[in-house]
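Engineer: Residue-level listing of the chains:
Protein chains: 2
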Amino acid sequence: MSRERITLFDTTLRDGAQTTGVDFSLEDKKAIATLLDRLGIDYVEGGYPGANPLDTAFFAEKRTKNAKFTAFGMTKRAGRSASNDPGVAALLEAEADAICFVAKSWDYHVRVALETTPEENLAGIHESVEAARAKGREVLVDCEHFFDGYKANPDYALSCVKTAYEAGARWIVLCDTNGGTLPHEVTEIVTAVSKVVPGRHLGIHAHDDCGCAVANSLAAVEAGARQIQGTLNGLGERCGNANLITLIGALKLKDGYAARFDLGVTDDALGQLTHVSRQVDEILNRQPNRHAPFVGASAFATKAGIHASAVLKDPRTYEHVEPEVVGNARRLLVSDQGGQSNILAELKRCGFALERGDARIARVLDEVKRKEAQGFAFEGADASFYVLVKRMLGEVPAFFDVERFSVNVERRFNAVGELVTASEAIVKVRVGDEVLISAAEGNGPVNALDVALRKDLGKYQNLIQDLELVDYKVRIYQGGSDAVTRVLIEFTDGSGERWTTIGVSPNIIDASFQALTDSMVYKLLKAGASL
Amino acid sequence: MSRERITLFDTTLRDGAQTTGVDFSLEDKKAIATLLDRLGIDYVEGGYPGANPLDTAFFAEKRTKNAKFTAFGMTKRAGRSASNDPGVAALLEAEADAICFVAKSWDYHVRVALETTPEENLAGIHESVEAARAKGREVLVDCEHFFDGYKANPDYALSCVKTAYEAGARWIVLCDTNGGTLPHEVTEIVTAVSKVVPGRHLGIHAHDDCGCAVANSLAAVEAGARQIQGTLNGLGERCGNANLITLIGALKLKDGYAARFDLGVTDDALGQLTHVSRQVDEILNRQPNRHAPFVGASAFATKAGIHASAVLKDPRTYEHVEPEVVGNARRLLVSDQGGQSNILAELKRCGFALERGDARIARVLDEVKRKEAQGFAFEGADASFYVLVKRMLGEVPAFFDVERFSVNVERRFNAVGELVTASEAIVKVRVGDEVLISAAEGNGPVNALDVALRKDLGKYQNLIQDLELVDYKVRIYQGGSDAVTRVLIEFTDGSGERWTTIGVSPNIIDASFQALTDSMVYKLLKAGASL
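Protein sequence lines, in the order shown, are assigned to chains A and B.
Residue numbering for the first sequence follows the numbering used here, starting at 29 and increasing by one per position.
Residue numbering for the second sequence follows the numbering used here, starting at 29 and increasing by one per position.
Mixed in with the good hints, there may be bad ones.
Identical chains blur together in the list; that is why a pair holds if it fits in one copy or across any two.
[Claimed, not checked] No more than 25 angstroms apart at the CA atoms, straight line, and that leaves these computed lysine-lysine pairs for BS3-like: (1) 376 - 397; (2) 282 - 179; (3) 90 - 163; (4) 501 - 399; (5) 418 - 376; (6) 58 - 487; (7) 179 - 487; (8) 487 - 554; (9) 487 - 190; (10) 90 - 501; (11) 179 - 163.
No lab work stands behind these hints, which were simulated from the structure alone.
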């Protein structure tokens with residue numbers, strides 16, 4: 029039985045631009061367009077040329093090799109012809125393969141938001157589609173607020189769809205713009221629409237305001253639609269658009285879907301799914317969602333000891349898909365709920381070749397439990413776990429020794445009578461026979477200490493030069509009778525690898541110091557440094 | 029037409045404990061149990077007594093007033109009677125209204141993970157349920173991996189369900205433990221099960237590994253199930269459990285559901301939904317998901333200018349529900365009309381009798397926006413908001429002025445050659461005509477500064493004597509181009525009242541200083557101090 033084709037339409041660069049705190053630069057857009065192209069996405073909606081200078085510049089040339097480069101904009105305004113409408117003109121000028129017009133399909137909106145008549149709106153749809161077809165573009169029409177419009181006035185909503193179809197639109201996309209439609213309603217409504225326009229011309233554009241964007245997209249496909257619009261990592265305003273990453277995972281890997289549908293995404297490209305997702309977060313400097321389906325850092329992470337032994341016996345018992353096919357990895361978290369199975373798996377994952385029964389495993393487990401009782405938590409602090417094990421195995425050379433540090437924060441009046449706060453650190457480090465004293469300022473005490481620690485490490489300085497602190501988390505932990513501070517610091521270096529270290533102390537500077545030095549040792553081990 | 033009752037079962041404190049990076053303290057569990065109780069949740073699954081000391085301690089007494097306090101554990105192990113099984117014994121000893129047994133329902137698991145026979149497993153279910161019933165507990169049975177088990181061997185899966193039901197379980201919960209089941213499969217399978225056991229005894233426990241946990245829960249309800257299990261904020265291992273916050277919003281507010289089902293959650297409790305969600309994140313020091321349906325900070329935030337004017341004309345055009353009914357707020361990032369409504373409500377809540385149109389409201393709003401742009405967030409920092417408003421109204425006397433502080437953390441060798449870390453602070457404060465210099469030690473820099481600040485406040489010293497710092501939270505906030513540190517400090521005094529203040533700065537000591545001094549001013553205002 030041959031599979032039906034589902035096309036994927038990505039609007040990260042247009043609808044995703046509405047995400048709170050997201051601002052695409054031109055370079056960001058180019059980079060993401062390339063990621064989408066390589067993933068096998070069919071349509072890349074690059075933005076809204078004419079609406080702002082950056083998008084107009086982005087459409088000065090086609091930015092994809094295989095994907096259809098698509099421009100978004102509104103249907104012509106009432107009272108003008110399509111050829112005299114500046115918005116439409118901007119779309120037609122854009123170097124795009126396809127144009128996606130957003131059209132009103134809820135009569136209430138036509139009257140209140142557009143302040144025009146239902147008939148005028150239909151004419152606007154018809155003429156805009158025609159104008160774009162006349163210029164050789166493929167045309168899509170996003171029927172805005174379709175589901176609410178259908179519930180309020182089904183005949184009018186359907187007439188918008190039909191008008192677009194009859195004018196020559198290749199795709200008519202039913203948009204749940206408010207995000208308030210539920211899956212069973214999507215099923216019912218898309219089924220009804222598919223009696224008027226064939227499903228192979230229908231698309232779905234869902235939002236996540238009820239946590240059902242992915243399910244709504246799947247429901248629409250079940251009801252006959254053959255295009256899914258969404259964004260990478262579910263970016264988008266309010267609660268986001270349908271997450272294309274999740275949908276690609278589900279449609280490629282779940283029984284029933286994989287056999288029925290072809291996404292145009294190869295298995296190789298699928299293996300890059302996790303990488304694509306992380307790259308988008310990197311480009312936008314957003315905290316990755318570690319709980320994201322398929323690609324999240326925790327998507328295949330098991331904590332409980334009872335699960336861990338079962339997973340090792342047969343991963344099918346606890347995993348719905350194999351993490352490697354989407355470029356992710358299984359993680360058995362080291363925790364005081366785990367036991368030898370967890371530790372063994374974690375040791376293997378970190379590259380230690382210890383076998384079950386090795387006496388050293390019990391010693392590592394004891395040390396982990398001892399430190400966890402003090403407030404350490406090694407899940408989420410891989411690099412500190414790695415350094416701990418290496419120490420237990422006697423494989424950490426005495427690279428350096430911090431004999432003393434002093435960190436000062438002072439708030440005082442400056443020369444012009446302003447109150448300013450200054451942070452300084454002094455560090456005394458022994459490296460082999462050398463004793464080095466370094467001082468540094470910082471925007472805070474931890475920053476000052478970090479800079480001072482890494483200012484002069486003698487013969488190892490070149491190896492730690494490219495270390496960069498990228499994230500800093502603090503948690504007060506009630507361990508035993510006293511509160512202690514748990515600090516997690518995430519680092520990167522020139523290689524793009526990211527790792528996290530942990531420090532625990534009642535004193536936040538002390539805890540930070542532990543995490544900072546652990547990271548330096550980790551980097552030196554990684555770099556193969558020797559005494 | 030009378031509505032059918034859907035019961036809500038929360039497993040934040042049990043399944044949610046498996047979340048990467050989450051560690052509940054006893055106090056955390058008590059606080060969350062109280063939140064759940066007040067929300068109107070029917071069952072609060074408090075943990076796994078007998079599996080770890082904290083959970084055993086948590087079940088030393090009943091922790092809810094109205095909700096059924098529920099203990100989780102495994103069915104009896106093969107080769108023992110229920111009365112001789114230590115796991116079951118621990119459950120029966122717990123101070124719980126209900127016991128939720130997790131049982132295998134996939135024959136593959138029975139053989140490979142449990143290493144026993146299908147019949148032995150059924151006997152285990154039967155005897156465990158009976159034993160708990162004999163002790164007067166309500167019994168629920170979680171059929172683990174139910175959907176995968178049903179797909180592999182429907183007869184065996186159904187026999188597990190029937191066995192539990194016939195032994196007297198009040199609820200048999202179908203668990204999608206791997207999270208890989210899709211909504212249309214849930215519909216099909218739950219429908220089939222409901223022919224064997226009535227839907228009013230069936231529950232659904234979904235995970236979000238395909239982004240469909242909420243939709244799966246709704247699909248199960250549509251197919252007849254009447255209990256939903258989930259967690260607050262979708263906490264849980266891997267990709268999390270079904271998000272009860274989202275489900276409460278959808279079931280209370282969406283047409284079709286609100287008319288058909290009663291959740292046992294009052295409209296007043298619904299109005300606390302956002303607060304509950306944020307409190308959970310506060311307690312666990314987790315970054316809130318601003319894109320969360322209904323309760324996220326951005327859930328009703330409209331960025332596009334075109335939407336904003338339409339929203340102002342009629343919110344129904346762009347919002348699927350009204351934000352206020354779930355205790356959230358519309359954020360119009362381009363208008364101050366929505367802002368004034370928010371501030372007015374907040375002012376009233378803090379006891380300021382300002383009426384709409386008072387010119388001072390706009391000044392307060394501007395100051396709040398100015399500070400929020402710097403990284404301040406006044407939700408969760410009531411006392412700082414109170415002090416800010418009092419300042420804007422000119423009602424804060426110049427109690428004291430910190431002219432200078434210096435905080436030092438030093439790690440050095442002590443007299444006996446041990447490396448110790450010491451923290452000291454010096455503070456110079458002007459109180460009226462007096463200039464007071466105080467020094468203090470502390471277990472960390474913030475503690476030292478706190479002690480020094482409150483060591484000698486001249487004529488006000490007796491008023492701040494009983495201040496006690498009870499909680500300290502730090503979060504790195506990406507505001508604009510630089511990271512800033514946001515510190516929240518919770519205080520109490522002799523009266524039992526607790527309040528929270530906030531400080532924001534790139535420098536954590538500076539941020540702490542702001543929060544500490546805000547709290548002192550708050551206390552002095554509260555005490556009616558005058559110059």
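Engineer: Could you place residue 179 and residue 487 in one of the four classes (within, between, both, neither) given a Cα distance threshold of 25 angstroms?
Structural biologist: neither (72 angstroms within a copy, 62 angstroms between copies)
Engineer: Is it within, between, both or neither when you check residue 179 against residue 163 at 25 angstroms Cα-Cα?
Structural biologist: Answer is neither: 35 angstroms inside a copy and 52 angstroms across each miss the 25 angstroms cutoff.
Engineer: Between residue 90 and residue 501, at a C-alpha cutoff of 25 angstroms, which is it: within one copy, between copies, both, or neither?
Structural biologist: The answer is neither: 29 angstroms in one copy and 34 angstroms across copies each exceed 25 angstroms.
Engineer: Classify it for me, residue 487 with residue 190: is the Cα-Cα distance of at most 25 angstroms met within a copy, between copies, both or neither?
Structural biologist: The answer is neither: 74 angstroms in one copy and 71 angstroms across copies each exceed 25 angstroms.
Engineer: Quick one: residue 418 to residue 376, C-alpha cut-off 25 angstroms, is that within a copy, between copies, both, or neither?
Structural biologist: within (13 angstroms within a copy, 59 angstroms between copies)
Engineer: Evaluate residue 376 and residue 397 at a C-alpha cut-off of 25 angstroms and name the case that applies: within, between, both or neither.
Structural biologist: So residue 376 and residue 397 pass the 25 angstroms test inside one copy only (18 angstroms; across, 50 angstroms).
Engineer: State whether the alpha carbon distance between residue 487 and residue 554 is at most 25 angstroms within one copy, between copies, both, or neither.
Structural biologist: Only inside one copy: residue 487 and residue 554 sit 16 angstroms apart there, 59 angstroms across copies, limit 25 angstroms.
Engineer: Cα distance capped at 25 angstroms. Does residue 501 pair with residue 399 within a copy, between copies, both, or neither?
Structural biologist: Both: 19 angstroms inside a copy, 22 angstroms across copies.
Engineer: At most 25 angstroms between C-alpha atoms: does residue 90 with residue 163 qualify within a copy, between copies, both, or neither?
Structural biologist: within (16 angstroms within a copy, 72 angstroms between copies)
Engineer: Reference check for the pair residue 282 and residue 179, CA-CA at most 25 angstroms: within, between, both, or neither?
Structural biologist: So residue 282 and residue 179 pass the 25 angstroms test across copies only (13 angstroms; inside, 32 angstroms).
Engineer: Using 25 angstroms as the alpha-carbon threshold, which applies to residue 58 and residue 487: within, between, both, or neither?
Structural biologist: Neither, since 39 angstroms and 53 angstroms both go past 25 angstroms.
Consistency with the previously given hints fails for numbers 6, 7, 9, 10, 11, ordered from lowest to highest.
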